[in-house]
Structures are given as C-alpha cells and as structure tokens.
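Note that the protein sequences, when read in sequence, are chains A and B.
Just so you know, the working numbering puts 64 at position 64 of the first sequence, and the rest follows in order with no gaps.
Just so you know, the working numbering puts 148 at position 148 of the second sequence, and the rest follows in order with no gaps.
Because the hints were derived from the structure by calculation, they are not lab data.
Take the hints with a grain of salt, since some may be wrong.
The list treats identical chains as interchangeable, and a pair is accepted whether it falls inside one copy or across any two copies.
No farther apart than 30 Å at their CA atoms in a straight line, the calculated lysine-lysine pairs in the DSS-like style are these [unchecked claim]:
1. Lys210 / Lys73
2. Lys23 / Lys247
3. Lys8 / Lys188
4. Lys161 / Lys16
5. Lys247 / Lys112
6. Lys161 / Lys14
7. Lys63 / Lys8
8. Lys63 / Lys186
9. Lys174 / Lys247
10. Lys92 / Lys210
11. Lys188 / Lys17
12. Lys16 / Lys210
13. Lys247 / Lys73
14. Lys247 / Lys14
15. Lys16 / Lys188
16. Lys17 / Lys112
17. Lys73 / Lys112
18. Lys8 / Lys186
19. Lys23 / Lys188
20. Lys210 / Lys17
21. Lys73 / Lys8
22. Lys188 / Lys14
23. Lys210 / Lys14
24. Lys112 / Lys174
25. Lys63 / Lys247
Since the structure is predicted, the reported quantities are computational estimates derived from the model, not experimental observations.
Take a look at the letters that make up each chain.
Number of protein chains: 2
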Amino acid sequence: MLSNAQIKHINALKIKKYRDEYKEFIAEGSTLVTDMITSPYDIAGVYALSPWITAHLELIRRKQIQVFEADPKDMERITTLANPGPVLAIVKIPPGDDEAFSAADGRSVEQKLPGFFQELSLMLEGISDPGNFGTLLRIADWFGIRYVVCSESCVELYNPKVVQSSMGSVARVKVFYTDLASLLEKIKGRIQVFGTFLGGESLFTRELDKNGIIIIGSEAHGISDQLSAFVTRRLFIPSYGSSEYGKAESLNAAVAAAVVIAEFRRRIV
Amino acid sequence: MLSNAQIKHINALKIKKYRDEYKEFIAEGSTLVTDMITSPYDIAGVYALSPWITAHLELIRRKQIQVFEADPKDMERITTLANPGPVLAIVKIPPGDDEAFSAADGRSVEQKLPGFFQELSLMLEGISDPGNFGTLLRIADWFGIRYVVCSESCVELYNPKVVQSSMGSVARVKVFYTDLASLLEKIKGRIQVFGTFLGGESLFTRELDKNGIIIIGSEAHGISDQLSAFVTRRLFIPSYGSSEYGKAESLNAAVAAAVVIAEFRRRIV
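Okay, chain A solo, but in the shape it has when bound (with noise of 0.2 Å):
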C-alpha cells in the first residue's frame, strides 16, 4: 500500500507546475513502463501490483529500479488513465537541452547536434493537442527521425497524454523547444525547408532530399506567415474526389506529417 505522501507526491505530477518544479514525469502501462525502465531516462520509482513487480523482477534487479508494492486502490487513486494499468513510473526529466540552437555555450549546432544538416528533420509549430504531439513523436520515431524541434507554443513533451500517446517514443526521440524564426534565420541557406500547406505542387511529383527539415503547422492555422517565408519547397498533399456535399477541407496534423515523411522515406528505398 501506497503512503497519502507517495499519492499527493504523484498526483502532483499530473500539473506541469510540479513536473518543472520536481523535474519528475509519469509514465503509465506496461509497455510504457518497460520502454522508459530500459531507455537513458532515469526511474525515480515504480509504483506496481504484485503480479507486475513478480513478472518483472529482473528487469527491476538489472537495473536496480526502486519499486514499492501497489494495491488496485492505490493505482486509481495515482491513474491518468481512464482504466489504470498495472505499473506506474515516476520518470527524471533530464537536465535541458534550451541551448542547442543557442551559440550561447561557443559550440555550433552541428557540435550539439551531430548529423542535423545530413538527416531529415521535424519542426512542429503550434501543436497544441497532445495526443497530437505524442503522435508526431511516434511517427518520427517510426519513420527514423531523430530530431524534433518545436515552437514554444507547443505542448509541454512530459504532459502526460503527450508520454501516453507517444508510446515510448518519447524517449527515442531528441525534443527541443526553442524560437523557431530564430533559428530558421540562423540556419538559412544550409538545408532545404519543406512545409506541407493546402494547395501548391503535388507532394508525389515535388523533388524532394534525402536531408532537410519538414515543418508541420497547428491543426488550427497551419504554417504561419513567419514561418512559412523560411520554407524553400512547398508541398501539397493531393485529396481525391468529392462529393457534391464538398470535401474534407485538410488532414490531421499528424496524419499530414506521416504522409509527407513516408514519401521522403519511400523515394530513399
């Protein structure tokens, strides 16, 4: 059985306000767990039913993770999930990369970011929603993205339908927030810009590289017009059809973002 402490302790984590504060996020079900327990993240604690803690102990051993017992109770009164699952971690959020794409340190990008100019890279602006986000991690992921560079408009990545949804991803994938324009106006010239918008050249006939950094833009109101003056290949993603009741007006974000990049990885096999 959990103590009231260890419960408000976790609680308190569902609240950006505390995760900045404690610097500790919560990642839920088994899968995620695991995901997390053998990624470079470090594990505060683990807080699991019985079963889970037996199926798991040498994971829990290897890796010497602090475990303590839960009972059914306990795990609904910590849950961010409609139906708790078995095991719940608390996760260390590392120290921040902030400075990546600063030159406040004397290195360049390319130092901290070894590979950013000779690799496919995300940019997410505005993504609010976080299943969204948590979604764009995991195609990113999926797709062998390694980068994900983010407006600070963004949700927060240890939001906990964000950790959710992303499966794991999460914890592969290298997020970082920083002033988009900024950086896009550092970085000018160096690598081809691509941002997805409603109309233009078919994404399926556009030249397209191997290198280069695809810009989603919000759900809502897509690139916006800062942003969208640094992007050097525009793309449109074809829609099919109609009917005489009109048609979808746009995709998802996300759904977008896997279309965009399965072709930039498809035109590489």
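We have chain A already, so just place chain B on it with the hints.
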C-alpha cells in the same frame, strides 16, 4: 434562452441509448454545423449565440432551419466540448443502411452500392477510439474513398467525438456496420483485399490495385486472424533507423491508414 426541456433533450443525445431512441445526434462548432446544414442530413434544430445567427441568416433561411437563440450560459450547459462553440445542431440520423451487404431484399451489393467493386474502400475492424475513428473518416474523405465498412465492434458513428473529429466527413462518407467475415466470404475472389501487418513486403514495392478493400485493424490487436484469412495482399509500412534504445513498435491505426491510402492514390496519379 433555452428551456430546461431543450437542454435536457440535447444532453440526452450525448448518450447512445437516447441517440438510438430519438434518431438524432449532436454536431458542434461553426464549420461542422455549416457542413451539416449543407449536407444531405436533415437538421432538427440549431442552437446558437445571437452573433452566429446574424452571420448565417441567409443559410438558415435558404435551408429552412429551425433556430433557437442561446446565451453563453446555455451553450455551456449543452456543449460536449471543453470550450463551447457559438453553435450546436441536432441532426437527424437517416434511416439505416444495415441491409447494404445482405441479400435480405433480393438486391445485390452492386445494386445497392454502385461502383463498390470498381473502387477503393476502407474496412475498419474494432476501432474503438472515437478520435481515431473520426480521423479515419476524414482521411477517407480527403482521399476520395466513398465507402467505409465497419465491424460491429467499432465505435458508433454518431458518438459526439466521432462527429467532431471527423470534421464533417461523417456527412460525406458512407459508413456501414456489418459482420465483416460474412461480407468478405460473400465477395471473395471478386476484389483484392489488402491488410497492413507488422512485417511482410514493403507497401512501397508491393503491387497495388486501383480497386480493393483496405482493412485497418484495431490499435491494440491489429487485424484479427479471422479477417487475416481473407487478405489477398499483405502490406508492411517500412520503419527506418533505430536508436540503441529500440524503436516505435507500431503506428497509430489512422496514421497507418493514411500512409497506405496515400500510396494507393500516388500510384494512380
């Protein structure tokens, strides 16, 4: 101001039992309601703030819509959203298409669904998340897929979250619920059946057809063994790269559907 009876009726429609009983469902937000008004659906009533009514007088008159002026407090009491929009519509559920794939009335599938064997359709098995289901309808709509055939285990089409996340596509795509195995048995040999699996030949190199049925399985279990037996072409969305900490195990069902459908459409460009 709305009456208590009106507010009670609208709130009842948030529950499936009452949607079934009253044959009505809810649509919210200006874009969605406007889509519904211009769709083949009949509108039972529109509940809106005064500025919305003023801005849409022409549409309301032309379509002879019954409108009730609501104040912001009313909207808060009837909304299904975290932040209520300026308008909510009650839409009539049209008479069912339950018999589309049965021979109960002696007419064939071709007679009931012209073109079914000459086009690309989507089949959904066990999609229980309303957001995913709505996103799948939006994808079908964008890519010109007219028919979506669902297992009885899929979420209900008129669930408010489905309607909302479909962004109006619920009104433009024909959705059927039926026993998928019986249907596939009946049409076996007449159309290619594609299924996405975690492994197999790459989607990007596999031979595809202009016509066919694409089966999307549930997020948790994929395509069932029972339906897999009907798949004539297995597809695999290749994943790329992998960190030392593993990689994403799968893609979200809607994301996978979008990548597969986009590839079909790309080939016939």
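#### Entry: Status of Lys112 relative to Lys73 across identical chains (alpha carbons, at most 30 Å)
Close neither inside one copy (46 Å) nor across copies (52 Å); limit 30 Å.
Cα distance capped at 30 Å. Does Lys63 pair with Lys8 within a copy, between copies, both, or neither? Only inside one copy: Lys63 and Lys8 sit 26 Å apart there, 55 Å across copies, limit 30 Å.
Could you place Lys92 and Lys210 in one of the four classes (within, between, both, neither) given a Cα distance threshold of 30 Å?
Classified as neither; 35 Å inside a copy, 50 Å across copies.
* Asked: Which holds for Lys247 with Lys73 at a C-alpha limit of 30 Å: within a copy, between copies, both or neither?
  -> Neither, since 48 Å and 33 Å both go past 30 Å.
**OP:** Could you figure out if Lys161 and Lys14 sit no more than 30 Å apart (CA to CA) within one copy, between two copies, both or neither?
**Re:** Both ways: Lys161 and Lys14 sit 10 Å apart in one copy and 24 Å across, limit 30 Å.
Item to complete: Go through the copies and call it for Lys8 and Lys188: within, between, both or neither, with a Cα cutoff of 30 Å.
Response: neither (48 Å within a copy, 57 Å between copies)
Open item on the list: At most 30 Å between alpha carbons: which applies to Lys16 and Lys210, within, between, both or neither?
Closed with: Cα proximity of Lys16 and Lys210: none, with 37 Å in one copy and 49 Å across.
Within a copy, between copies, both or neither: where do Lys16 and Lys188 come within 30 Å Cα-Cα? Cα proximity of Lys16 and Lys188: none, with 34 Å in one copy and 53 Å across.
How would you label the pair Lys161, Lys16 (within, between, both, or neither) given a Cα cut-off of 30 Å? both (12 Å within a copy, 26 Å between copies)
Review point. Using 30 Å as the alpha-carbon threshold, which applies to Lys210 and Lys17: within, between, both, or neither?
Key: Classified as neither: same-chain Cα gap 40 Å, cross-chain 52 Å, threshold 30 Å.
What label fits Lys210 with Lys14 when the C-alpha limit is 30 Å: within, between, both, or neither?
neither (39 Å within a copy, 48 Å between copies)
Handout entry: Homomeric proximity label, Lys247 with Lys112: Cα distance no greater than 30 Å
Key = between (45 Å within a copy, 23 Å between copies)
Violation of the numbered hints given earlier is confined to hints 1, 3, 8, 10, 11, 12, 13, 15, 17, 18, 19, 20, 22 and 23; the remaining hints are satisfied by the structure.
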